[in-house]
Amino acid sequence: MAVSPLEDRYKTEMNSIFSEESKLRSWIRVEIALAHANEKLGIAPKGSAAEIEAAGKKVQLSRVLQIESEIHHDLMAMVKALSEQCKTYGGYVHLGSTSYDIEDTATALIFLDAISVIEKHLLETKQILRSLALSKKSLVCMGRTHGQHAVPTTYGLKFAIYYCEVKRHLQRLQEARSQIAFGKMSGATGTMATFRGKGFAVQELVMKELSLHPSPASNQVIQRDRHAQSLFALALISATLEKIAKEIRNLQRSELMEISEPFGAKQVGSSTMPQKRNPHKSERICSLARLVRSNVQTALENIPLEHERDLTNSANERFIFPESFIVTDYMLLQMNSILSGLVFYPKNIERNLQLTGGLIMSERIMIELTHAGMGRQDAHELVRTAAQESFTKQIPFSDVLSKNAHVKKLLGKKLPELLNPKTYVGEAEKIVENALKE
Numbered sequence: 001m002a003v004s005p006l007e008d009r010y011k012t013e014m015n016s017i018f019s020e021e022s023k024l025r026s027w028i029r030v031e032i033a034l035a036h037a038n039e040k041l042g043i044a045p046k047g048s049a050a051e052i053e054a055a056g057k058k059v060q061l062s063r064v065l066q067i068e069s070e071i072h073h074d075l076m077a078m079v080k081a082l083s084e085q086c087k088t089y090g091g092y093v094h095l096g097s098t099s100y101d102i103e104d105t106a107t108a109l110i111f112l113d114a115i116s117v118i119e120k121h122l123l124e125t126k127q128i129l130r131s132l133a134l135s136k137k138s139l140v141c142m143g144r145t146h147g148q149h150a151v152p153t154t155y156g157l158k159f160a161i162y163y164c165e166v167k168r169h170l171q172r173l174q175e176a177r178s179q180i181a182f183g184k185m186s187g188a189t190g191t192m193a194t195f196r197g198k199g200f201a202v203q204e205l206v207m208k209e210l211s212l213h214p215s216p217a218s219n220q221v222i223q224r225d226r227h228a229q230s231l232f233a234l235a236l237i238s239a240t241l242e243k244i245a246k247e248i249r250n251l252q253r254s255e256l257m258e259i260s261e262p263f264g265a266k267q268v269g270s271s272t273m274p275q276k277r278n279p280h281k282s283e284r285i286c287s288l289a290r291l292v293r294s295n296v297q298t299a300l301e302n303i304p305l306e307h308e309r310d311l312t313n314s315a316n317e318r319f320i321f322p323e324s325f326i327v328t329d330y331m332l333l334q335m336n337s338i339l340s341g342l343v344f345y346p347k348n349i350e351r352n353l354q355l356t357g358g359l360i361m362s363e364r365i366m367i368e369l370t371h372a373g374m375g376r377q378d379a380h381e382l383v384r385t386a387a388q389e390s391f392t393k394q395i396p397f398s399d400v401l402s403k404n405a406h407v408k409k410l411l412g413k414k415l416p417e418l419l420n421p422k423t424y425v426g427e428a429e430k431i432v433e434n435a436l437k438e
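First residue of the sequence shown? That's 1 in the working numbering, and the numbers climb one at a time after it.
Please note that the accuracy of each hint is not assured.
Simulated pairs of lysine to aspartate or glutamate, EDC-like, Cα-Cα distance not exceeding 20 Å [unchecked claim]:
#1 Lys-87 to Asp-113
#2 Lys-126 to Glu-438
#3 Lys-58 to Asp-8
#4 Lys-409 to Glu-429
#5 Lys-46 to Glu-283
#6 Lys-430 to Glu-165
#7 Lys-11 to Glu-175
#8 Lys-246 to Glu-283
#9 Lys-347 to Glu-438
#10 Lys-120 to Glu-165
#11 Lys-408 to Glu-433
#12 Lys-437 to Glu-209
#13 Lys-11 to Glu-84
#14 Lys-126 to Glu-20
#15 Lys-413 to Glu-429
#16 Lys-57 to Glu-84
#17 Lys-413 to Glu-433
#18 Lys-208 to Glu-39
#19 Lys-414 to Glu-433
#20 Lys-281 to Glu-51
#21 Lys-281 to Glu-317
#22 Lys-11 to Glu-323
#23 Lys-40 to Glu-51
#24 Lys-198 to Asp-399
#25 Lys-409 to Glu-350
#26 Lys-281 to Glu-124
#27 Lys-422 to Glu-438
#28 Lys-243 to Glu-363
#29 Lys-198 to Glu-209
#30 Lys-413 to Glu-363
#31 Lys-281 to Glu-39
#32 Lys-243 to Glu-165
#33 Lys-167 to Glu-438
#34 Lys-347 to Glu-247
#35 Lys-409 to Asp-378
#36 Lys-57 to Glu-103
#37 Lys-413 to Glu-350
Now the in silico label distances, taken between C-beta atoms and shown as ranges [unchecked claim]:
#38 Lys-87 to Pro-262: 37 to 47 Å
#39 Gln-377 to Arg-284: 47 to 57 Å
#40 Leu-355 to Arg-284: 28 to 38 Å
These are calculated hints, taken from the structure and not from any lab test. Where is the CB? At the ideal position from N, CA and C, for every residue including glycine.
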């Protein structure tokens, strides 16, 4: 049985990026780049880099773990495992570097791969939302503020808003990518002393081979604001996914039932209530979003390490880095599945538009009375009084208005059309079209 649901229930392709095997290969990749730099600069003899590179292909994770169980240092276990695969130049493995020169540079590589996966699935979300916004741009529905019926809107506008948020998240991921794509090769406190005057050249060569930028200044670690920014970008993505999921959940309530998650032919909603069609996938997204957001707090607390560094970031990063990326990726996959199969109930959408007997058109009546010559505040009070009478006495809003002398005089025969919610969505369609322009 898996200890963590990340290993099975919420597993995605992201798991392989954060696996122990992937981490080991990333570490060795950095060690090889260092070996090439050392050889090129004359710090290590000719032929050493080629031998270390060949040795890297032979290192087994099982051997590294065996050494670690003896020496209790994971990075040094890799160094020993790599060195013992070399015939002549094992003594030049890891020359001049400290553990986090390797680990943090490798972490940048891992983050870049992970961000690429998130981008891929977020682009899919964006396209699904774009399609929904276009196909539903004319579907008028009840707009709600404070949980109350407000004025009409369209489903297209709802999806266009989400689409715009996702576009911003893609931009944030690009910024996070640009800030995390830094490595270091500067030694125990960042002074490059071990490279004996060739530190800048070593760092430049290593980062060039790895397609990273050299950190302009660092101590024993790459500064954690870079990592926190990536996790914050994931938290923002998860918040939008929760926002969409919560709207689906609310609109799927039995008394509303305007839209719903797809529901399989053999799907079970409850172990005791056979009729249930619970929005459990959307609820799961809302639950997992809390987890991703909470990891940002830990990432922020990892920024103020003591002096040139302490180890208080290390243990929790083994949790928060893979967890944040894997969970966000899982949420994206779930949301893409939900949105692709979203079910609409037009009759219920129409029913809810008519639910208040026309009261949702109060704003329009007030505006039209004003344009017909009545003062805005007077029009507001007239309509407010009429709306309260309609609500209290449970009679159609149109009946109350049609009996009012001022309304009859100023609006006359236009009243029925003014009470039609489908003709009061303003520029909603144009807003959708403008928002979707690339």
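TODO: List in ascending order the numbers of the hints, as given earlier, that are violated by the structure.
DONE: 1, 3, 4, 5, 7, 9, 11, 12, 13, 14, 15, 17, 19, 20, 21, 24, 25, 27, 28, 31, 37, 38
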